[in-house]
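There are 2 protein chains.
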Amino acid sequence: MGKLGAWTVRFSDRLSEIGSRIETTLDDLLSEKLLSQEIGRPPQLLNAMRYSSLGGGKRLRPFLFVESAALCGADGQCPGVFRAAAALEMIHCYSLVHDDLPAMDDDDLRRGKPTTHKAFDEATAILAGDGLLTYAFDVMADPATHDDPRIRADLTLGLARASGHGGMAGGQILDLTAEGKALSAEDITTLQAMKTGALIRFGCEGGAVYAGASAEEQTRLKTFGEIIGRAFQLADDLLDVTASEADMGKKTGKDAEQGKATLVGLYGMDESRRRLENLVGDARRVLEPHGERASILIEAAEFIAERTY
Amino acid sequence: MGKLGAWTVRFSDRLSEIGSRIETTLDDLLSEKLLSQEIGRPPQLLNAMRYSSLGGGKRLRPFLFVESAALCGADGQCPGVFRAAAALEMIHCYSLVHDDLPAMDDDDLRRGKPTTHKAFDEATAILAGDGLLTYAFDVMADPATHDDPRIRADLTLGLARASGHGGMAGGQILDLTAEGKALSAEDITTLQAMKTGALIRFGCEGGAVYAGASAEEQTRLKTFGEIIGRAFQLADDLLDVTASEADMGKKTGKDAEQGKATLVGLYGMDESRRRLENLVGDARRVLEPHGERASILIEAAEFIAERTY
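Line by line, the protein sequences give chains A and B.
Note that numbering that gives the first Met the number 0 numbers the first sequence so that position 115 is 114, with each residue one more than the last.
Note that numbering that gives the first Met the number 0 numbers the second sequence so that position 52 is 51, with each residue one more than the last.
No wet-lab data here; the hints were simulated from the structure.
The structure displayed is predicted, hence computed values, not measured ones.
Some hints here could point you the wrong way.
Pairs involving identical chains hold if they fit within one copy or between any two copies, as the list cannot separate such chains.
List of simulated lysine-lysine pairs, DSBU-like, C-alpha gap at most 35 Å [what the hints assert, rightly or not]:
#: 1; residue 1: K259; residue 2: K32
#: 2; residue 1: K32; residue 2: K180
#: 3; residue 1: K57; residue 2: K180
#: 4; residue 1: K112; residue 2: K32
#: 5; residue 1: K112; residue 2: K57
#: 6; residue 1: K112; residue 2: K180
#: 7; residue 1: K259; residue 2: K112
#: 8; residue 1: K259; residue 2: K180
#: 9; residue 1: K259; residue 2: K117
Could you build all of it, start to finish, from the sequences and the hints given here?
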């Protein structure tokens, strides 16, 4: 694979540092402690929500949120920014739980452990997903997340729009109904922009919103997010062809097996890699106005394109 | 059944008037028109979301929302209050779709028509539920719903807390795991307060929040909502024993069949009816400070207790 640039120790350290604070934040949010207006926290649901969200994943979306917020002037250490980023991660986790269900992608393995409906049962998995999805908006709208109610409402709106029928959930139905169909590059691009792109875009744009960034900065981060979302999906499709199940902690080679149209299938491996390099170049250029301060997000773009798991 | 008082033509007219405006609002919100940040509205998902939310139900929760808002001084005709009330109804509709799934209550019939997973398929039903749940928060947080971002954020938070693991979704898992178990009256009351009570309570309390009501008024409407939530469930359990499937448009007699513990099972029919009358009396007393202006909500309490479908 072409040299896309290399991320530094500083990047990997920061990725795991943010990942570990997200873990702590999720653990705390999903503790037994009741919040106002909550009548109970049934352990059989809480445990499934914990199982579905703790102890796994690179926490890439929260990383983008926190770093985008920091780039735009927020305090990248404040608890509120980690709450907002954890809310975003809850949406990602819920989507994995529901996507893995027998009626959807029917997967038994996720991040190297049994999927939620395998570890619990289908009803519990559906409700754990519903619970995480709902809790994401609870956390986002809570005054503990940000002092400014306008920012809380904007974040809630942005997260909902990225996740719902017009974003992630809509992308999932396109994906389910696309199996075995010949899609154009444009169809695939739209599907992927919805299914995975929208939430990655929100990670970047939402961070800027959290920081109270100018409209210009928000647009810049949004564009950056769109580009790296496309890079993420292209890299993912390449990995589905090349990586082993042991590397990925989930089933690979599924795209071809299910007759799923991907850009890699349309362009071939070499052209796909070339396009991936171009996307990383585009991502770099978008953040040029931020100079050296944007280097960690640039490294994130490189990481996304080069990742092997 | 004991005389609980009778609702007037004014009440039935207002119930159907609000129901019809909720229908129009949902129809508009679920049209093909793309909103900002939405990448697409895949028809196969949009149609299932429409099927799951349009053309059915008494729209009781939105009615409570609009009338509570009006009682606390909001303009009960403004489009924003109907948007907020429609968001609440989306949550109710999503919960029906997911509760009806084969892995949950496995129902084929809802409001006299095939359940969403029967009319479409399971994957589509799961995603339609996810889509409605997500869109509810989108609509609630949207500036078109209320000018004041603090109120939008508060409504979002309240709706999420009533719907999630600490409210409705938590109640559903308690319900699923309670089948065949002997529950105490306290257990059943908690289960029902979560599963159905929380959303009815939010209908009343949320209306007060929408209107920017004082803390005292908000508490009063919240208490009223809790009481009529209990009345609703008691009436529902009575109906499950006495009503026919044709009246209800769904399967009845399920509680006994599934060995589901209800208060009616514990108290018997006569004592349950007496308790229902008491709840209506309590509901009346809570709203006494509002005088005649509260009469339509009082009639709603009577309607809830006396309804036969």
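Original post:
Is the C-alpha distance from K57 to K180 at most 35 Å within one copy, between copies, in both cases, or in neither?
Top reply: Result: close within a single copy only, 32 Å intra versus 41 Å inter.
Original post:
How do K112 and K32 come out at 35 Å by Cα distance, when the copy is not named: within, between, both, or neither?
Top reply: For K112 and K32, only the intra-copy Cα distance (27 Å) is at most 35 Å; the inter-copy one is 41 Å.
Subject >> Up to 35 Å CA-CA - K32 versus K259, copy category >> reply: between (44 Å within a copy, 29 Å between copies)
Subject >> Status of K117 relative to K259 across identical chains (alpha carbons, at most 35 Å) >> reply: Cα proximity of K259 and K117: in one copy and across copies (25 Å, 26 Å).
**OP:** Can you give me the call for K259 and K112, within, between, both or neither, at a CA distance of at most 35 Å?
**Re:** This pair counts as both: shortest intra-copy Cα distance 24 Å, inter-copy 34 Å.
**OP:** Using 35 Å as the alpha carbon limit, work out where K112 and K57 are close: within a copy, between copies, both or neither.
**Re:** within (15 Å within a copy, 44 Å between copies)
Subject >> Same-copy or cross-copy closeness of K259 to K180 [CA-CA at most 35 Å] >> reply: For K259 and K180, the Cα distance is within 35 Å only inside one copy (7 Å; across copies 46 Å).
Original post:
Is the C-alpha distance from K32 to K180 at most 35 Å within one copy, between copies, in both cases, or in neither?
Top reply: between (48 Å within a copy, 26 Å between copies)
Original post:
Checking K112 and K180: alpha-carbon separation at most 35 Å within a copy, between copies, both or neither?
Top reply: So K112 and K180 pass the 35 Å test inside a copy (31 Å) and across (32 Å) alike.
Taken one by one, the earlier hints all hold for this structure without exception.
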